[in-house]
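Asker: One letter stands for each residue in the lines below.
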Amino acid sequence: AQKVTQAQTEISVVEKEDVTLDCVYETRDTTYYLFWYKQPPSGELVFLIRRNSFDEQNEISGRYSWNFQKSTSSFNFTITASQVVDSAVYFCALSDLSGNTGKLIFGQGTTLQVKP
Amino acid sequence: NAGVTQTPKFQVLKTGQSMTLQCAQDMNHEYMSWYRQDPGMGLRLIHYSVGAGITDQGEVPNGYNVSRSTTEDFPLRLLSAAPSQTSVYFCASSYGVRGRGEKLFFGSGTQLSVL
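In order, the protein sequences belong to chains R and W. Under this note's numbering, the letters of the first sequence match residues 1 to 116, in that order. Under this note's numbering, the letters of the second sequence match residues 1001 to 1115, in that order.
So that you can see chain R by itself, here it is in the shape it has in the complex (with noise of 0.2 Å):
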């Protein structure tokens, strides 16, 4: 079955720090997609990335980069110089294109809090 994981429940970085939040998935898939969600304390769900399972190539987005190594079913992202408004929980998601219609099947969360 389709399996999402998460293994920090929290870390806590001071600011400026770099800090990588991991994320291992299970699949039975040849094709899928990965995705990182950020929650940050008002509550809202914002989009980060979309990965697809033939595109292992690293993504870079300012201080944001993904790692995406199908050899271990990984998909880590790092914050390089972490800052206070990266604190809020991560969510990484992979599509369940299993049957006719997607889903999506989140991890955990990791919460992150970033100190001043």
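In short, the hints are calculated from the structure, not lab data. Predicted model, so just to flag it, every value in this text is computed and none were measured. Each hint should be verified, as a subset may be incorrect.
Unchecked claim - In silico SDA-like links for lysine to any residue, alpha-carbon gap of 20 Å or less:
hint, chain 1, residue 1, chain 2, residue 2
1, R, K38, W, V1088
2, R, K70, R, K115
3, W, K1014, W, G1101
4, W, K1103, R, Q108
5, R, K38, R, Q113
6, W, K1009, W, L1079
7, R, K38, R, A7
8, W, K1103, R, G43
9, W, K1103, R, V89
10, R, K3, R, F68
11, W, K1103, R, L48
12, W, K1103, R, T31
13, R, K38, R, A1
14, R, K115, R, Q8
15, R, K70, R, Q113
16, W, K1014, W, K1103
17, R, K3, R, S61
18, W, K1103, R, I49
19, W, K1103, R, F54
20, W, K1103, R, T27
21, R, K38, R, S71
22, W, K1103, R, S61
23, R, K70, W, G1101
24, W, K1103, R, Q2
25, R, K38, W, S1084
Knowing the structure of chain R, use the given hints to seat chain W on it.
Answerer: Coordinates of chain W only, in the frame set by chain R:
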């Protein structure tokens, strides 16, 4: 740019009461869904719809009903509220074909407490 609009933002119910969480989107998305968020469990799919008149169950459908009479609206009904339904509820929509692999646009959430 309204996107996905959920109401109410907060609600307190007594056990046994019923209520409807409203969700509307103005992006002409065919796919809509309801998730609940509980501590340590991430988001879990309750029900979803791939178009007007078509709904199906997700991972945790018990105690909830949905209907989709229009493309825009996808209300979630709690038939007889139970304390186990205390949660934060999110409505989401997607422009993808039947929601396959496309990103979800989320509403701002409804925090529900059942006493």
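Asker: If a hint holds in the structure, say so; if it does not, say that too.
Answerer: Here is how each hint holds up against the structure:
Proximity of K38 (chain R) to V1088 (chain W) is assessed by CA-CA distance (about 16 Å); at most 20 Å being required, the pair is judged to hold. For the given pair, K70 (chain R) sits about 33 Å from K115 (chain R) by alpha-carbon distance, which is inconsistent with the 20 Å threshold. Of the pairs offered as hints, the one joining K1014 (chain W) and G1101 (chain W) is violated, with about 38 Å between alpha carbons and a cut-off of 20 Å exceeded. For the hint linking K1103 (chain W) to Q108 (chain R), the alpha-carbon distance of about 18 Å falls within 20 Å, and the restraint holds.
Note on K38 (chain R) and Q113 (chain R): the hinted pairing holds, with a Cα-Cα distance of about 13 Å set against a maximum of 20 Å. Between K1009 (chain W) and L1079 (chain W) the CA atoms are separated by roughly 19 Å; this keeps the pair inside 20 Å, and the hint holds. Under the criterion of a C-alpha separation no larger than 20 Å, the hint pairing K38 (chain R) with A7 (chain R) is consistent with the structure, at around 17 Å. For the proposed pair K1103 (chain W) and G43 (chain R), the alpha carbon gap of about 18 Å is at most 20 Å, so the pair holds.
For the given pair, K1103 (chain W) sits about 18 Å from V89 (chain R) by alpha-carbon distance, which is consistent with the 20 Å threshold. Only pairs whose Cα atoms come within 20 Å are accepted, and K3 (chain R) paired with F68 (chain R) is accepted, the gap being roughly 16 Å. Our distance criterion of 20 Å between C-alpha atoms is met by K1103 (chain W) and L48 (chain R), whose separation comes to about 10 Å. Taking the CA atoms of K1103 (chain W) and T31 (chain R), the gap is near 15 Å; set against the 20 Å cutoff, the hint holds.
About 25 Å separates the Cα atoms of K38 (chain R) and A1 (chain R), which puts this hinted pair outside 20 Å; it is violated. As the CA atoms of K115 (chain R) and Q8 (chain R) are separated by approximately 18 Å, the hinted pair is consistent with the 20 Å bound. As the CA atoms of K70 (chain R) and Q113 (chain R) are separated by approximately 29 Å, the hinted pair breaks the 20 Å bound. Under the criterion of a C-alpha separation no larger than 20 Å, the hint pairing K1014 (chain W) with K1103 (chain W) is inconsistent with the structure, at around 35 Å.
Proposed proximity of K3 (chain R) and S61 (chain R) is contradicted: the alpha carbons are some 26 Å apart, above 20 Å. For the hint pairing K1103 (chain W) with I49 (chain R), the CA-to-CA distance comes to about 9 Å; that is within 20 Å, so the pair holds. Distance check on the hinted pair: K1103 (chain W) and F54 (chain R) sit about 17 Å apart at the alpha-carbon level, within 20 Å; holds. A distance of roughly 18 Å separates the Cα atoms of K1103 (chain W) and T27 (chain R); the hinted pair therefore holds under the 20 Å criterion.
Distance restraint check for K38 (chain R) and S71 (chain R): the Cα-Cα separation of roughly 25 Å exceeds the 20 Å cut-off, and the hinted pair is therefore not satisfied. Among the hinted pairs, K1103 (chain W) with S61 (chain R) is consistent with the structure: their alpha-carbon atoms are about 18 Å apart, no more than 20 Å. Straight-line distance between C-alpha atoms of K70 (chain R) and G1101 (chain W) comes to about 17 Å, which keeps the hinted pair within the 20 Å bound. As the CA atoms of K1103 (chain W) and Q2 (chain R) are separated by approximately 18 Å, the hinted pair is consistent with the 20 Å bound.
A threshold of 20 Å between alpha carbons decides the hint, and for K38 (chain R) with S1084 (chain W) the separation of about 25 Å lies outside it, so the pair is violated.
In this structure, the earlier hints numbered 2, 3, 13, 15, 16, 17, 21, 25 are contradicted, and the remaining ones agree with it.
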